[in-house]
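Going down the list, the protein sequences come from chains U and Y. According to the working numbering, the residues represented by the first sequence are 1 to 475, in order. According to the working numbering, the residues represented by the second sequence are 1 to 98, in order.
Careful, some of the hints might be misleading.
Below 20 Å or equal to it, Euclidean Cα-Cα: the simulated SDA-like pairs (lysine to any residue) are [said to hold, decoys possible]: (1) U/K95 - Y/D32; (2) Y/K63 - U/I24; (3) U/K29 - Y/G56; (4) U/K29 - Y/S57.
Facing chain U, from chain Y, some residues (calculated, C-beta under 8 Å) [unchecked claim]: (5) K17; (6) C21; (7) E25; (8) N35; (9) I39; (10) G44; (11) Q78; (12) G82.
Derived by calculation from the structure, the hints in this document are not laboratory data. Every residue, glycine too, gets a C-beta built ideally from N, C-alpha and C.
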Amino acid sequence: MSDILKDLVKILGNDKVAVDPLTIKLYSKNAVYYEGNALAVVFPETTDDVRRVVKYAYQNNLKIYPQGSASEIVGSTTPRKDGIVMNFMRMRKVKEVSYVDSYVVVEPGVRLIELNNILSRNGYMFPIDPASVKSATVGGAVNSGSGGMMGAKYGTMKDWVLGLEVVLPDEEATVLKLGGKTTKNREGYDLVRLIVGSEGTLALVTEAILRITLAPERVVTVTGFFRELEDLMRCVVEIKKSKLDVLIMEFVDDVTAKITIDTIKPKIAGEGHLLITSVSTVDEAASRVKDKLVDLYAGSGATNVVAAESMGEAEALGIFEIRRNLYPATIKMASLSLRDDEEKPYIFVEDISVPPSRLIEAVKRLREISEKYDFPMTLGGHVGDGNLHPVVWIREGDKDKMEQFNNFVLDIMRMAIELGGVISSEHGVGKVKKDGLVLSFKARNSIKALSIMRQIKRIFDPKNILNPDKMLPSV
Amino acid sequence: MRDLTDLRREILRDVLKCSYCAMCEWVCPTLDVGNGNRIYGPRGRINLIVSYFREGSENGVLKESIYTCLICMACTQQCPAGINIAEDIRKFRTFLTQ
Ligand SMILES: Cc1cc2nc3c(=O)[nH]c(=O)nc-3n(C[C@H](O)[C@H](O)[C@H](O)COP(=O)(O)OP(=O)(O)OC[C@H]3O[C@@H](n4cnc5c(N)ncnc54)[C@H](O)[C@@H]3O)c2cc1C
Ligand code: SF4
Ligand code: SF4
Chain U
1 MSDILKDLVK ILGNDKVAVD PLTIKLYSKN AVYYEGNALA VVFPETTDDV
51 RRVVKYAYQN NLKIYPQGSA SEIVGSTTPR KDGIVMNFMR MRKVKEVSYV
101 DSYVVVEPGV RLIELNNILS RNGYMFPIDP ASVKSATVGG AVNSGSGGMM
151 GAKYGTMKDW VLGLEVVLPD EEATVLKLGG KTTKNREGYD LVRLIVGSEG
201 TLALVTEAIL RITLAPERVV TVTGFFRELE DLMRCVVEIK KSKLDVLIME
251 FVDDVTAKIT IDTIKPKIAG EGHLLITSVS TVDEAASRVK DKLVDLYAGS
301 GATNVVAAES MGEAEALGIF EIRRNLYPAT IKMASLSLRD DEEKPYIFVE
351 DISVPPSRLI EAVKRLREIS EKYDFPMTLG GHVGDGNLHP VVWIREGDKD
401 KMEQFNNFVL DIMRMAIELG GVISSEHGVG KVKKDGLVLS FKARNSIKAL
451 SIMRQIKRIF DPKNILNPDK MLPSV
Chain Y
1 MRDLTDLRRE ILRDVLKCSY CAMCEWVCPT LDVGNGNRIY GPRGRINLIV
51 SYFREGSENG VLKESIYTCL ICMACTQQCP AGINIAEDIR KFRTFLTQ
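All chains, please: the whole structure from these sequences, using the hints.
Below is the structure:
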């Protein structure tokens, strides 16, 4: 065992350090394609564990690659042989729940689903619901700036983090408590929001104070199919004008809906583009709201309209099935196209946003790009906030396709920028979208923003030991 | 005895669909007992099987991982890729024994 590993064992104890190569391999992959390597995996159980490792790492120029469930899909966790993976899944305490003050204090390894299971007992929720809610940890979601289906109403992580305890990668391994337990806080620059979405490049999050909210008393959901995108968007506009409290507004394009219907045989089927709308309301108004939504759908030319007066009923009717199966349907589609049993498909989920009013144009241009590169694409997204997720797959080892993929992503990002959107909405930048950052800031004549970001990185992490080579493009 | 090549192919075809999304882990009883170490969870087990078949990677950790599974099937229902996780682990045990 090398000196470094011996030292880590001395600092943390045998039980919190893994050096076995098979274990390291399991901690060096992410949920898409990237595979790295590392000297060891450490499992801190307390802030003090984190602090002691950071201090040692600083002294010895050892890199630290922070990680929760490694469900990110942009390469933001990928470690290298020059450092150690710091996995936070043993810091899993929900330390405090305050329904009176509407916050929770949690450790970074708590999964979002576990948090919501606790809150739902009292009618509360943490409203950020990524499709990966079963795997996403608080630390990972904070650092990815994650979002989800309810983004139209609740925004993303940046809107729900009140405070953070962090360990800085400096000589003293300084512990900072940033923000607090109140919604209003104007104490200087907003360092909390700087850490949110920083992809583990600025500081190690050891505790988070998150805002919570009452779960809606009743959720009414309606779905239907539209032959033309224009009709679907007309329906979206009418719903937005109708003063309904929209919670979820999801879309799946016609090609994808057909593929998904053919591959998974969901309970609801139809032809055209699919729109799902959920509205938050109270028990007494459920039936009225449902009728209103159904009218709006029908008035915009929707067919096969299905409506539910509660979430339970919506699940029973299978209203969300097609949207949720976008990713599984792509996996199935890929598996059917593989040439032999030893091949592996990689699934890539894109993540641009455009202003919702430009969605029709964005979908049309996405299809042109997909045809240009001959990438069969499934497409869905959050219409409410203009976030689109084109999904494609590539056969493992297909170098030509991989190279084309990079250009395909560049074209998609350029299109998003041209339509006034962004190149990354909720998944982050990681290793895949660094070029996109340059494109985006250049397009806005604001390239200096990147050098400001690099300076911020240097202030937090003077020796560049924390998650190096992620998010920020090199000069 | 079953033909091992067939069994290998059958398992590998299924486990290669794993996208590493981790959605299977939260329900796994042995992952908690194993202090959260990925080798004691479904994602770890499935990917150790992949490494064994594709790279011949094998050490005590592989056996520890595979033989601590309860085959309770809680994970299988969670997998968006439709992998028969518990069944693959059971079949892999048969493979190792034979
Ligand atoms: C099938 C699928 C669906 C998804 N759907 C969505 C979606 O709908 N919306 C969405 O936003 N995302 C989605 N994602 C992406 C991903 O699941 C989320 O970003 C998730 O929040 C990541 O959580 P994690 O615990 O896996 O973090 P990880 O992947 O482990 O880490 C993510 C980032 O956070 C850093 N990090 C983790 N913990 C800490 C810590 N304690 N301190 C400092 N840095 C830390 C890591 O270094 C990395 O940069 C999806 C992924 C998959 C595979
Ligand atoms: S079958 Fe095995 S891997 Fe799956 S949940 Fe049960 S114990 Fe965990
Ligand atoms: S849920 Fe399925 S695809 Fe996801 S990590 Fe587990 S086995 Fe792999």
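Now the hints, each set against the structure:
no.: 1; hint: U/K95 - Y/D32; in the structure: holds (19 Å)
no.: 2; hint: Y/K63 - U/I24; in the structure: holds (16 Å)
no.: 3; hint: U/K29 - Y/G56; in the structure: holds (18 Å)
no.: 4; hint: U/K29 - Y/S57; in the structure: holds (16 Å)
no.: 5; hint: K17; in the structure: holds (6 Å)
no.: 6; hint: C21; in the structure: holds (5 Å)
no.: 7; hint: E25; in the structure: holds (7 Å)
no.: 8; hint: N35; in the structure: holds (6 Å)
no.: 9; hint: I39; in the structure: holds (6 Å)
no.: 10; hint: G44; in the structure: holds (5 Å)
no.: 11; hint: Q78; in the structure: holds (7 Å)
no.: 12; hint: G82; in the structure: holds (7 Å)
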